[in-house]
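Asks: Chains as they are written, first to last, in our numbering: chain A, 1 to 331; chain B, 1001 to 1316; chain C, 2001 to 2290.
Just so you know, the hints here were simulated from the structure itself, not pulled from any lab data. Treat the numbers as computed from the prediction; the structure is a model and nothing was measured. A hint or two may mislead.
Okay, derived cross-link-like pairs now, SDA-like style, lysine to any residue, Cα gap no bigger than 25 Å in a straight line [claimed, not checked]:
#, chain 1, residue 1, chain 2, residue 2
1, A, K65, A, Q75
2, A, K65, B, I1213
3, A, K65, B, A1206
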Amino acid sequence: MTDKALLSVEDVVVDLPTPRGNLRAVDRVSLTVGAGQTLGVVGESGCGKTMLSRAILQLLPKKAKLTGRVMFDGQDLVSLDREKLRKLRGRSLAVVFQDPMTSLNPVLTIGTQLVETLQEHLELDLAAARKRSVELLAAVGIPAPEQRLTQYPHQLSGGMRQRVAIAIALSCEPKLLIADEPTTALDVTIQAQILDLLAREQRRRHMAMIIITHDLGVVAGRTDEVAVMYAGRVVERAPTLALFKNMRMPYTEALLAAIPKLDSAPHTVLPAISGRPPDPTRPLRGCSFSPRCRYAVARCHAEKPELTEAETPAHQYACFHPIEMPATVPA
Amino acid sequence: MAFFLARRLLYLVPVLIAVSLLTFSIASLLPGDLAMTILADQATPENLAALRKDMGLDQPLWQRYFTWLGHMLQGDFGRSFRTGQTVLQALAERLPVSIELMLLAQIGALAFGVPVAIICAARSGGPFDRFMTGSAFALLSVPTFLSAILLIYLFAVELRWLPATGYVPFTEDPLGNLRFMVLPAMTLALAEWPGIMRILRSDMIATLQEDFIALAKAKGLTPARILFVHALKPSSLTLVTITGINIGRLIGGALIVETIFALPGIGRLLVGAILTRDLVILQGVVLLVAAGFVIMNFIVDLLYAVLDPRIRHGHA
Amino acid sequence: MATLELDLAEEAVSQPAKKGKRLGILFWAAIVWMIFAFAVAIFATLLPIPDPAAMNMLARRAPFSATHWLGTDGLGRDELSRLIYGARISLLVGLCAPMIGLTVGGALGLLSGYFRGRAGTFIVGAMDVLLAFPPLILVLAVIAFVGQSILNLTFILGVLGIPAFMRVARATTLTLSRREFVIAAEALGASHARILLRELLPNVILPLLAFFLLGVAVTIVVEGSLSFLGLGVPPPTSSWGSMIAEGRESLDVAPRLAFLPAIAMFLTVLSFNLVGDTMRALTDPRQGAL
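Chain A on its own, in the form it takes in the complex:
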């Protein structure tokens, strides 16, 4: 796994000063994504996955403090000067946000929002940019693309808007696409379509992709590797298949159990994980998941587990009491 990674997040820490004390949103996270690979980052709300994506993009709030390195295509984004960073963004590094109703500018036309990116990075003239925009809209499956150029976001449905956002992200042939909860704000029926679209485009362009989600079901079958985050740390990381077959972290097991399955009996009670994530301004001494973990022992409450290898070096987990039995692959 040591071919040169496209993206290498090294020991990144993100601290946010709040009135109640320091909030460690991301706690020494290290990840890699190879060119053309897909990484899934899974975790509940507040586990730090969005902050991580902002850290990669260098779009953290002003007050945030970041340490560590983010190596992208051989350059450390953390120390890169602003102008070079600006040129990378939108071009080699693209992002799709969760809610297209708020991530697209409501008072600018779809055309404007597509064309400006093309003009900025590829220096196309207006006519060429327009033409390319129409092609992009068609590629993401939007009917009547020419008319869309003069329409506004509120005139499109939720799924359409997200397709537009994807078109914008793909417009300059990025090397890495970060999709932050791309389907959470959409109807269930549309979700699969959007995810398939992303997967298809990724294969076609041989693009690296990071899918951030709270739903393990989303990453199954669509990612090469999965990293599970909890309370700001990566608690388990493995190639996707290995994760589902040989998961070690009790948290991962709980996440999997919480996915509704097509073949379970009607009215099956979904096992929700009891309790809530810890208060990030008051970090626990031991493992962050221990208060909610049904396998926790004394050691779990006292010491913080570090990432250790499982059956292969590619599979790592942070737990003193891992589960040994293989789990069933979800439907």
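Once you've looked at the hints, dock chains B and C against the given chain A.
Replies: Chains B and C alone, transformed into the frame defined by chain A:
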């Protein structure tokens, strides 16, 4: 869009009617005998009766209202008892002056306020921002006539760069006209600028927190484009609203400024009419100014719809 | 020139309360000045200052001296005592006029916000018509017809403030009527009057008071402007505005005659604005500060 326009127009009519009613009532229902005021020491019972009949004062109130309204819709707003001019003539002379003043002031306030607001929002919390916000707040506590005095003292008395009073029409001498207008326009602009700057800055700071700005940054757009296209356009709505609301204040301010700087505008006409008790002029001017104000607000509403496509399509 | 038109648009985008720096030194300085101005105005007759109307043609426009701390004006009258007596008038009108707005406008807003329905819409519509007039024009028109006097001035300025107060009260009431404590009171079977007086009024009063302070500032400015033009407080009574007008005549020889009352007015208006603005940030129910 047409539906939107029609609805707005429909709302306009009752407001205008109400405005005319109010103006008429002020004139007619308040104490004081109009005929007596006009004739003053020449009043004899016969003169008074004759004048009352002539002016229609002996008719019932509602009849007088409709007579008045009828005259107005035909363009007859009455004739001043003092100067003999019709109201329309007087207005035609004075209106360009006031409009030029208000226009220059508003342009000045926007030209200064908008860039400052944008820079403050982009660097909010920084030294420039704090200085400008503090100055704006302090300026809000300086009445218009006070700034006028200050500016006159500074530029006319001490530095002697600009004249304190006087006017020459633009068509006669453009440069001279502007020279006379600088101080008055600056005074008014100083009064308008803080409001514009505070509102726009506040709105832009809020807009800059929005997701679409984060995406614009993630797209690698230049800061200039993000500020002036992505952030300014949504915030400009509030700016238009404020400009519309300000027009009432602007008219009031123009009144004071015209009086202080001796500009022959509508404001001075009004003040003069009050001091000489020229009630016909007063009534006519008040009505026309109020109606103009209502129509301006209507236009602002239209502008609003143009700028925010969501309103046009009935969403918002 | 400012008038009581603080529209809801401005309220909605007003800055959120600065969490750390609420009552800074400027706030307290403003309070101190306000108290000072009030004290001096109320106890003017007890102070050892010369009669403000006493003219002395031999000592016109005299500079600062031991007998006349702030010098004399164009007719030899003591400037300091004129300032103090001017404060009385400006503060009197400045306080009483917004009182009218506060009571009448506040009541109307509370009622129209609580009962909604046709009555509410009608009141709002009526206020809109009143607001359709450029305010200063209306003031001048009415004064022209009823004549100049302190009472008339206070009354018309007060009436003009009603729509603004009504809007604030109505907006606050609308926000608050949906809060749990009101719904709870209704569920417990409280009568309308009880809900209005016991639950809503105490909460609506706070933002209204903040707005009241801002209204005082605006009224002082309007009264000052009118008096400056000779259309406000009738002579021989003088307020700061008329003093500034008189001072204008001597701008070239004795600018202090215009600037002393100007500074007094500026400091007073600034203080009310500061305190009112701070209070508004603190008491706006939409920001959950209550």
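Asks: Indicate, hint by hint, whether the structure satisfies it.
Replies: Verification of the hints:
Between A/K65 and A/Q75 the alpha-carbon distance is near 20 Å, which keeps this suggested pair within the 25 Å criterion. Note on A/K65 and B/I1213: the hinted pairing holds, with a Cα-Cα distance of about 21 Å set against a maximum of 25 Å. Of the pairs offered as hints, the one joining A/K65 and B/A1206 holds, with about 23 Å between alpha carbons and a cut-off of 25 Å not exceeded.
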